[in-house]
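J.: Construct the entire structure; sequences and hints are all you get.
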Amino acid sequence: MAVVKPDFANREGLDVETLRAMYRHMLRSRVLDERMWVLNRQGRAPFWISAMGHEAIQVAVGMNMDPARDWLAPYYRDLALTLVMGMTPRDHLLSALAKAEDPNSGGRQMPAHYGSRTHNIISTGSPVTTQFLHAAGIALAMRIRGEDAVCVTAIGEGGTSGGDFHEALNFAATHKLGVVFVVENNGYAISVPLEKQMPTPNVSDRAVAYGIPGVHVDGNDAIACYRSARDAVARARSGAGPTLLEAKVHRLTSHSSDDDQRRYRSAEDLEAERKQDCLPRFRTLLEDLEVLAPGDYDTMRAELVAELDEATAYAEAAPDPLPDTAMRYVHAEDA
Amino acid sequence: MAVVKPDFANREGLDVETLRAMYRHMLRSRVLDERMWVLNRQGRAPFWISAMGHEAIQVAVGMNMDPARDWLAPYYRDLALTLVMGMTPRDHLLSALAKAEDPNSGGRQMPAHYGSRTHNIISTGSPVTTQFLHAAGIALAMRIRGEDAVCVTAIGEGGTSGGDFHEALNFAATHKLGVVFVVENNGYAISVPLEKQMPTPNVSDRAVAYGIPGVHVDGNDAIACYRSARDAVARARSGAGPTLLEAKVHRLTSHSSDDDQRRYRSAEDLEAERKQDCLPRFRTLLEDLEVLAPGDYDTMRAELVAELDEATAYAEAAPDPLPDTAMRYVHAEDA
Amino acid sequence: MPSKTYLEAIREGMRDEMRRDERVMILGEDVGAKGGVFGATDGLQKEFGEWRVMDAPLAESCIVGVCIGAAMNGMRPIAEIQFQDFIMPAVDQIVSEAAKMRYRSNNDWGVPMVVRAPFGGGIHGALYHSQSIEAMFCGVPGLKVVVPSTPYDAKGLLVNAMRDPDPVLFFEHKRAYRSVRGEVPDDDYTVPLGTAALAREGDDIAIFTYGIMVHTALEAAERLAEDGFECEVVDLRSLRPLDREAIVASARKCGKVLVTQEANLAVSVSSEVSAIVAEDCFEYLDAPVMRIGGPEIPAMPYAHALESFYLVTPDKLEAALRKLAAY
Amino acid sequence: MPSKTYLEAIREGMRDEMRRDERVMILGEDVGAKGGVFGATDGLQKEFGEWRVMDAPLAESCIVGVCIGAAMNGMRPIAEIQFQDFIMPAVDQIVSEAAKMRYRSNNDWGVPMVVRAPFGGGIHGALYHSQSIEAMFCGVPGLKVVVPSTPYDAKGLLVNAMRDPDPVLFFEHKRAYRSVRGEVPDDDYTVPLGTAALAREGDDIAIFTYGIMVHTALEAAERLAEDGFECEVVDLRSLRPLDREAIVASARKCGKVLVTQEANLAVSVSSEVSAIVAEDCFEYLDAPVMRIGGPEIPAMPYAHALESFYLVTPDKLEAALRKLAAY
Ligand SMILES: Cc1ncc(C[n+]2csc(CCOP(=O)(O)OP(=O)(O)O)c2C)c(N)n1
Ligand SMILES: Cc1ncc(C[n+]2csc(CCOP(=O)(O)OP(=O)(O)O)c2C)c(N)n1
Ligand SMILES: [Mg+2]
Ligand SMILES: [Mg+2]
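Residue numbers (UniProt numbering), protein chains in the order written: chain A, 1 to 335; chain B, 1 to 335; chain C, 1 to 327; chain D, 1 to 327.
In case anyone wonders, no lab produced these hints; they're calculated from the structure.
All clues stand as given, with none of them false.
DSS-like mimics (lysine-lysine), calculated; alpha carbons at most 27 Å apart, straight line:
hint, chain 1, residue 1, chain 2, residue 2
1, B, K196, B, K275
2, B, K176, A, K196
3, A, K275, A, K196
4, D, K253, C, K323
T.: Below you can see the structure in the form of structure tokens.
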């Protein structure tokens with residue numbers, strides 16, 4: 001197997017295993033994501049909302065977390081991040097097909113509304129921004145108990161316009177809580193472009209308001225993402241407080257399967273963004289670095305597709321929820 | 001009558017009339033405020049919430065506004081500001097005594113909940129921070145109609161923790177609306193000190209988040225207040241957009257007549273702040289500058305007290321609201 | 001009269017009023033180039049420009065709060081909330097500010113603003129794109145709450161809402177947008193706020209309902225008519241204020257009452273209608289007042305089987321009506 | 001048993017549970033050095049430190065949202081909202097998040113959190129320090145809503161609320177804080193959520209009410225007793241879920257029903273109680289269900305004459321009861 005060129009390895013502190021794992025996580029998310037769109041077009045999954053274009057930052061953040069003690073308060077684009085935390089394609093296919101066994105919500109929520117107690121991933125609803133305050137509360141509990149754990153939360157730049165964004169950063173910074181606030185800035189809130197959402201180009205500029213580090217990074221550059229995620233998580237773990245970490249990403253699909261972005265974006269724009277896709281770019285880098293040998297990609301993809309086929313078959317065969325289970329779990333039932 | 005020393009006049013662009021008017025406005029607010037406390041202690045006014053210590057910034061801002069076209073979305077400490085805009089001690093005494101004729105609310109709201117359509121002062125409720133969004137909306141209407149008017153809004157530093165603060169600044173800055181966001185930072189939200197509210201000492205630092213000027217000024221220095229208010233209002237009027245203007249002030253009283261700040265603040269602190277009171281400081285300056293001649297102060301105060309006595313007598317004689325008028329004006333009645 | 005969808009009627013109502021009244025403007029997420037997620041504002045930004053049809057940041061308190069300020073300064077804003085489920089962050093601005101502005105200022109100030117939002121389920125929208133949370137506002141003095149069931153009413157009520165000097169919440173059933181058609185005059189007309197409408201006359205059982213459930217109720221009523229039971233279907237239309245007179249008149253006439261809605265029942269519009277009937281029709285009633293609505297679960301789930309479980313269908317209504325008829 | 005005020009009982013409930021359970025913490029404005037604006041948390045920060053009794057920034061969504069997160073990560077937080085009127089900015093966190101967390105996660109997650117807030121008027125608090133807006137939450141599945149009327153219940157219900165695995169809204173009538181006294185055991189006891197209590201037995205008229213109005217109702221009932229009419233006074237205590245069984249039992253027993261509350265009536269707890277009675281007691285009723293509550297105005301004004309106009313007094317209740325008795 002290849003070794004990372006020493007200058008690169010030394011500079012970035014990344015070994016072959018880590019680099020391959022990163023790429024594998026990204027690719028695993030991508031092939032799953034592609035499958036979801038296929039199922040959607042086939043009419044088998046009524047809804048999908050994609051992570052395509054956001055994978056690098058998500059994987060970078062996830063790989064710097066310790067799934068055993070760290071927590072995640074994700075948003076609906078965090079497919080790759082949930083996979084790094086330990087969820088599986090099968091989990092999400094069960095959700096896409098709204099099966100009883102779906103660990104996210106038992107088929108109650110739309111797909112891409114992630115959650116798993118086993119993996120310290122809190123349940124995500126649809127209202128945006130609320131999770132930022134939950135993350136502060138999760139980190140507060142860690143702080144009260146004196147744990148060196150970290151809570152990561154993520155959001156689109158659109159969600160940062162909501163009041164809870166401010167309230168969460170203010171609270172977490174005031175008490176130096178161990179939160180990493182990740183903003184996946186793809187320049188659009190559905191159809192509303194950045195310049196109609198906010199007056200400055202960088203969400204990370206707002207860190208000044210809270211006296212915390214604000215970092216923005218090219219979300220198509222997996223290595224840069226990894227570096228900044230590592231710093232932010234380390235800072236949170238050390239007790240120094242939160243970081244506002246913004247990745248400039250592209251939304252390589254329409255907002256969701258209900259949207260058609262060609263209505264409000266030019267073909268050139270979309271084409272230009274597609275060319276900057278973080279996956280091929282990272283693959284090229286790893287091939288240049290000889291971390292991926294010729295043929296590695298095909299093998300890796302084939303493995304992932306095989307896993308996916310199995311998961312799809314499993315999910316399709318799984319039973320639907322029974323109608324009257326709709327009445328369950330409004331409150332705890334063992335009380 | 002005295003003239004302002006030329007170096008001062010030139011530097012600050014302030015003439016005698018302006019300086020005297022400033023001081024008179026401040027004093028008028030202060031004597032009214034003192035009267036309110038007397039009425040409260042006498043059991044004649046069940047509630048009061050004071051502007052003492054906040055007068056300089058309020059008067060500075062108000063004097064730079066044009067009451068004929070500019071608008072105000074105040075908060076409950078803006079007694080002096082409402083007086084500069086044209087409201088009178090009588091108006092507020094009618095409110096303190098909850099009289100039918102009270103132009104603020106007809107005795108419906110607590111005292112210090114200001115409002116007057118005649119003076120472009122929108123009605124203030126108790127929930128803090130909401131007015132920041134109203135100010136943005138008022139300025140949006142001005143912008144749509146192409147008016148060169150300005151909307152000023154004010155808040156305590158406590159209120160800046162709420163989500164509406166962020167949403168308002170973000171919206172106003174995005175659209176370069178003509179708003180001046182004034183923060184009267186007295187270091188306390190009732191009993192909660194600044195360091196438990198926010199991670200940085202200056203609210204004005206948050207301007208960076210919105211790409212607008214953020215200014216903080218010594219709220220006990222009337223001249224500095226005037227200067228920064230002038231700039232902020234001019235900027236708003238020019239179409240360049242909002243300013244975040246923070247004045248560091250002292251709350252020279254308990255939060256309200258229902259509070260006793262000796263429970264949570266040291267006597268030394270309170271004493272130290274009292275010594276920096278903006279009124280005596282400004283009076284000393286004006287006497288040094290010979291803008292106030294010996295005796296001027298006494299005359300001015302006597303005039304203001306006479307006005308106040310008349311207003312008090314008027315308000316006390318005014319009729320209470322009739323019980324069943326409580327049913328009126330839930331909706332417009334002439335529809 | 002030309003036939004139009006519920007959605008077209010709403011769009012036309014806004015467009016026509018914006019042509020007539022320069023003060024009308026729209027602020028909401030995706031209302032511009034995209035024309036709204038349901039297309040309600042399609043084409044309006046093109047016609048009226050970016051200042052009168054403004055894409056808002058993703059912040060509902062901002063949308064409503066800014067509209068309140070604009071309304072106080074001479075505009076007639078429409079705040080579009082993308083889904084009724086997402087109105088929650090704006091509750092403070094709606095309930096504490098808009099609803100109380102006139103009252104607290106003793107008539108000095110008013111907030112002539114319309115808040116539009118699509119609600120209701122049956123479209124696989126799951127927990128947060130299917131709710132019917134109107135009850136939350138129907139108990140709030142200072143607000144008017146309107147839910148049209150037909151394209152005619154949708155346009156006529158919306159135009160009136162835009163002309164109202166006070167805040168009006170205008171809730172549109174999203175399943176009706178494209179599925180409900182009806183005749184809508186091209187020209188200016190209004191439908192009065194605060195009044196119910198008789199969707200069907202009958203004298204055996206009075207059904208009170210609103211929104212798309214009016215159509216469900218009509219369908220169930222037809223089934224009973226086959227067996228000679230004539231249901232009166234009252235389309236409440238205005239949920240605040242309720243048209244007490246119309247409710248009492250139909251309840252007294254029929255002597256039997258079914259109140260139905262898509263929302264869960266506890267402390268809801270159905271409760272109030274029931275309470276009104278209990279207060280004012282005691283001597284006329286031949287059976288207990290019956291209510292049929294959503295179950296007491298947080299919201300409508302995504303999985304088809306669960307969503308169906310939630311919804312009030314013509315079958316469920318028919319069964320309830322037959323029970324009442326037999327009482 | 002020692003006699004304590006309603007306020008003391010609440011404070012003691014929190015203190016005792018904090019001693020027993022390290023996970024219990026309080027987050028709210030001014031709860032620290034000041035001990036809360038009403039003194040409910042007086043002394044608690046001193047005993048439990050700044051991390052377990054935390055002064056919050058002035059941001060209610062933050063208070064509740066942070067408590068939700070802390071609850072999901074093993075704490076048992078109490079969110080104190082300074083006045084119920086100021087709960088509005090937290091409605092999204094309460095209704096969209098806390099109330100739906102268990103359901104949406106299919107029982108994977110829960111939010112064991114108590115939200116405490118003082119409500120009600122008669123203390124010259126004017127429009128925004130006097131409201132009774134509990135109805136807004138009583139229709140929301142996933143929430144429990146509790147309003148104690150006695151010191152005994154206040155402590156017993158609060159302790160139970162803190163031990164509940166799901167979110168509980170705990171509303172305290174601020175006029176009761178110092179004016180209502182009663183016996184409160186020093187030791188650990190609980191009062192079950194979800195149950196009503198019989199505050200007075202009778203069989204002529206059933207009065208359903210809650211909070212401080214229980215005392216008003218008792219006073220009116222005594223006046224009627226002088227003339228031989230025995231009112232049953234049912235203290236609802238739990239507004240969600242309502243104790244349907246207890247309501248139906250008392251209504252059937254008495255045959256005449258008065259529902260009363262301080263809040264305005266439309267789409268409120270009174271509506272639901274009335275609807276329950278109309279549904280389940282039809283054959284037992286001897287008179288229309290009567291409701292007495294606040295008028296349909298945005299809130300209680302400040303001026304004494306206007307505030308008095310708003311409030312439901314023993315006199316108003318007595319008059320209504322006499323009407324019912326004579327029916
Ligand atoms: C409070 C709230 N309002 C509106 C919506 C509807 N909505 C869902 S996603 C979205 C856009 C989000 O944009 P952004 O935060 O930038 O995330 P992205 O989808 O671009 O990753 C909107 C408006 C919502 N989910 N929640
Ligand atoms: C939304 C809301 N929450 C709580 C309150 C209660 N309250 C009134 S004033 C106040 C403190 C305000 O502090 P700050 O904004 O700093 O203004 P200051 O009184 O110091 O001038 C609080 C907590 C309120 N009015 N509104
Ligand atoms: Mg985006
Ligand atoms: Mg302050």
